[in-house]
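Residue numbers (UniProt numbering), protein chains in the order written: chain A, 1 to 330; chain B, 1 to 113.
Just to be clear, a hint being listed does not mean it is correct.
[Said to hold, decoys possible] The calculated lysine to any residue pairs, modelled on SDA-like cross-linking and capped at a C-alpha distance of 20 angstroms, are:
#1 78/B x 88/A
#2 78/B x 310/A
#3 78/B x 99/A
#4 307/A x 246/A
#5 71/A x 30/B
#6 307/A x 236/A
#7 307/A x 178/A
#8 78/B x 124/A
#9 78/B x 192/A
#10 78/B x 92/B
#11 71/A x 62/B
#12 234/A x 60/B
#13 307/A x 62/B
#14 78/B x 143/A
#15 78/B x 25/A
#16 78/B x 29/A
#17 78/B x 228/A
#18 71/A x 50/B
#19 307/A x 228/A
#20 78/B x 93/A
#21 307/A x 232/A
#22 78/B x 16/B
#23 78/B x 16/A
#24 78/B x 5/A
#25 78/B x 48/B
#26 88/A x 99/A
#27 78/B x 71/A
#28 71/A x 16/B
#29 78/B x 236/A
#30 78/B x 30/A
#31 234/A x 310/A
#32 71/A x 143/A
#33 78/B x 234/A
#34 78/B x 246/A
[As the list claims (entries may be wrong)] Derived Cβ-Cβ restraints for the label pairs, each shown as a range:
#35 10/B x 5/A: 35 to 41 angstroms
#36 81/A x 97/B: 30 to 36 angstroms
#37 87/B x 324/A: 42 to 48 angstroms
#38 39/B x 61/A: 24 to 30 angstroms
#39 21/A x 94/B: 33 to 39 angstroms
#40 6/B x 325/A: 27 to 33 angstroms
By construction, these hints were calculated from the structure, which means they are not laboratory data.
Note that the coordinates shown come from a computational prediction; the quantities given were computed from them, not determined experimentally.
Cβ coordinates follow ideal geometry from the N, Cα and C atoms, glycine included.
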Amino acid sequence: MTTLIDRYVYTVLRRIPEQQRTDIDRELRTSIEDAVEARVAGGSPPEAAVEETLLELGDPDRLADGYADRKQYLIGPELFETWWRVLKMLLTIVLPIVVVALTTLRTLDEPSIGTAIGSAISTLITVGAHMAFWTTAIFALLERTGVARDELPGSNRRGWNLTDLPRYEPRAISLGELATGIIWPVLLIVALVLQQFTFTDQPVLNPDNWTFWWPFLIVVLLLEAGYAIWLFRKDAWTHTVTVVNAVLAVLFTAPAVWLLATERFFNPEWVSTLDWGTVEPLNWLTGIIIAITVIGAAYDVIEVAVKTERSRRGLPTKVPGTGSEYTNPI
Amino acid sequence: MTTDATLSTHLQELRRGTVVVASLTVLQTPGYGYSLLETLSAAGFEVEANTLYPLLRRLESQGLLTSAWNTDEARPRKFYRTTPQGDAIATALRSEWTRLDKAVTDLDSRGDK
């Protein structure tokens, strides 16, 4: 029959790496026996001495954790901030984009409110769970391989310095906006070129326009990217900016709307592959795209105009993420 | 959190580390787990067996203690002894302790003025 001491020691050993077991087994037994002996010498009956000693040693699982010296957490305070930031970015920015993109593709194939909602919800849950799981798994792994925060990509190895403090003065555009301003036109160009060859059996957009209008729109998009760079370096909202922005918006929107309205935008052969039941696909697609293009362009022009006007009058501008306002000293 | 619970958390934080200093100092003469436990509690250090035993192995893996099994007696025991590196660390920790003690005392005397 196993004694109480045996049962206690075995319970501890079960949770200890194998190569340490023999040594800890011997040492722990001696320590327990020493303590029991001391209690018996102090006048306790042997059985009570064993019980008291083991109770004092406490939960064998906790003792084992102490011996094994393993991390009792998934992600420690060192990496927590970075993990949280990455996760938030993925779930609030990347996830919505993926959901919208996949839902749009699926709804084009099989247009119904049911498909749209079903696809959106299932993508949201599946992709969201994958993002959360893999991010956490990778960070838990980094935690266990001893990667410090400074070694992660995106952190500066030389350590933090005063020059790293953001200036918070309302620059014309932030670095993030610059990135968006370049990436967005480039994505549109890539999509415009790729739709000719991939995505669908028939090109989505009218191939006849490659003679002039598609290359023209590509040039305008490149100018949009150039405009973002120019604005970032110029560092101020001026009337020139408002005008350039408005001209670019018109250069893009006017041809696009005209092509849509005259039914030269989409490839007729691709439209004929769509079967949306009683709804006429071309009318709907045309209407939706015109609305998005015009509203987007108008919003952009107005936003830039308002920013320029505020900046010109020296009105206080909100500093993003602080709740404070900054007034340009004139 | 009650005041008692708060106090006990802070006491625990304050005491953490003193066991290391005490163990490294006491084990300049070789000793085994239970003997060290006795010595420490007699000297007024509140330490529990389930904290001390894993701690000894951790200090050994850091190279601050060495160990050897003594099989001369009826009950074989694992004896720990402080290494020169452990001595150096203990000295550094104790001088820091003295400095802190003086600093805290100075805070009081400044308030008296």
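Hints, verified against the model:
At most 20 angstroms may separate the alpha-carbon atoms for a hinted pair to count; residue 78/B and residue 88/A exceed this at roughly 51 angstroms. Distance hint between residue 78/B and residue 310/A is unfulfilled; the C-alpha atoms sit about 78 angstroms from each other, more than 20 angstroms. A hinted pair counts as satisfied when its Cα atoms are at most 20 angstroms apart, and residue 78/B with residue 99/A does not qualify at roughly 62 angstroms. For the suggested pair residue 307/A and residue 246/A, the alpha carbons sit about 13 angstroms apart, so the restraint of at most 20 angstroms is met.
Distance check on the hinted pair: residue 71/A and residue 30/B sit about 30 angstroms apart at the alpha-carbon level, beyond 20 angstroms; violated. At most 20 angstroms may separate the alpha-carbon atoms for a hinted pair to count; residue 307/A and residue 236/A meet this at roughly 10 angstroms. For the given pair, residue 307/A sits about 16 angstroms from residue 178/A by alpha-carbon distance, which is consistent with the 20 angstroms threshold. For the suggested pair residue 78/B and residue 124/A, the alpha carbons sit about 58 angstroms apart, so the restraint of at most 20 angstroms is broken.
Between residue 78/B and residue 192/A the alpha-carbon distance is near 75 angstroms, which puts this suggested pair outside the 20 angstroms criterion. Straight-line distance between C-alpha atoms of residue 78/B and residue 92/B comes to about 27 angstroms, which puts the hinted pair past the 20 angstroms bound. A hinted pair counts as satisfied when its Cα atoms are at most 20 angstroms apart, and residue 71/A with residue 62/B qualifies at roughly 17 angstroms. At most 20 angstroms may separate the alpha-carbon atoms for a hinted pair to count; residue 234/A and residue 60/B exceed this at roughly 62 angstroms.
Taking the CA atoms of residue 307/A and residue 62/B, the gap is about 61 angstroms. The hint is violated against a cut of 20 angstroms. With a C-alpha separation of about 33 angstroms, the suggested pairing of residue 78/B with residue 143/A is violated against the 20 angstroms cut-off. Distance restraint check for residue 78/B and residue 25/A: the Cα-Cα separation of roughly 12 angstroms lies within the 20 angstroms cut-off, and the hinted pair is therefore satisfied. Between residue 78/B and residue 29/A the CA atoms are separated by roughly 11 angstroms; this keeps the pair inside 20 angstroms, and the hint holds.
About 71 angstroms separates the Cα atoms of residue 78/B and residue 228/A, which puts this hinted pair outside 20 angstroms; it is violated. Between residue 71/A and residue 50/B, the direct Cα distance comes to roughly 17 angstroms. Compliance with the 20 angstroms bound is thereby established for this hinted pair. With a C-alpha separation of about 15 angstroms, the suggested pairing of residue 307/A with residue 228/A holds against the 20 angstroms cut-off. The straight-line distance between the Cα atoms of residue 78/B and residue 93/A is roughly 58 angstroms, outside the 20 angstroms bound, and the hint therefore fails.
Of the pairs offered as hints, the one joining residue 307/A and residue 232/A holds, with about 14 angstroms between alpha carbons and a cut-off of 20 angstroms not exceeded. A hinted pair counts as satisfied when its Cα atoms are at most 20 angstroms apart, and residue 78/B with residue 16/B does not qualify at roughly 24 angstroms. Annotation: proposed proximity of residue 78/B to residue 16/A holds, straight-line Cα distance about 19 angstroms (limit 20 angstroms). Annotation: proposed proximity of residue 78/B to residue 5/A holds, straight-line Cα distance about 19 angstroms (limit 20 angstroms).
Taking the CA atoms of residue 78/B and residue 48/B, the gap is near 18 angstroms; set against the 20 angstroms cutoff, the hint holds. For the proposed pair residue 88/A and residue 99/A, the alpha carbon gap of about 16 angstroms is at most 20 angstroms, so the pair holds. The hinted pair formed by residue 78/B and residue 71/A fails the criterion: a straight-line CA distance of about 26 angstroms is larger than 20 angstroms. Of the supplied pair hints, the one linking residue 71/A and residue 16/B holds, its CA atoms being roughly 18 angstroms apart against a limit of 20 angstroms.
Simply put, residue 78/B and residue 236/A have alpha-carbon atoms about 74 angstroms apart, too far for the 20 angstroms limit, and the pair is violated. Between residue 78/B and residue 30/A the alpha-carbon distance is near 9 angstroms, which keeps this suggested pair within the 20 angstroms criterion. Between residue 234/A and residue 310/A the CA atoms are separated by roughly 17 angstroms; this keeps the pair inside 20 angstroms, and the hint holds. A hinted pair counts as satisfied when its Cα atoms are at most 20 angstroms apart, and residue 71/A with residue 143/A qualifies at roughly 9 angstroms.
Note on residue 78/B and residue 234/A: the hinted pairing is violated, with a Cα-Cα distance of about 73 angstroms set against a maximum of 20 angstroms. The straight-line distance between the Cα atoms of residue 78/B and residue 246/A is roughly 83 angstroms, outside the 20 angstroms bound, and the hint therefore fails. In this structure the hint that residue 10/B and residue 5/A lie 35 to 41 angstroms apart at CB holds, the actual value being about 36 angstroms. Checked against the given bound of 30 to 36 angstroms, the beta carbons of residue 81/A and residue 97/B, roughly 33 angstroms apart, stay inside it.
Here the CB-CB span from residue 87/B to residue 324/A is close to 54 angstroms, at odds with the stated 42 to 48 angstroms. In this structure the hint that residue 39/B and residue 61/A lie 24 to 30 angstroms apart at CB holds, the actual value being about 28 angstroms. Roughly 35 angstroms separates the CB atoms of residue 21/A and residue 94/B, a value that falls within the hinted 33 to 39 angstroms. Between residue 6/B and residue 325/A the Cβ separation comes to about 40 angstroms, which falls outside the hinted range of 27 to 33 angstroms.
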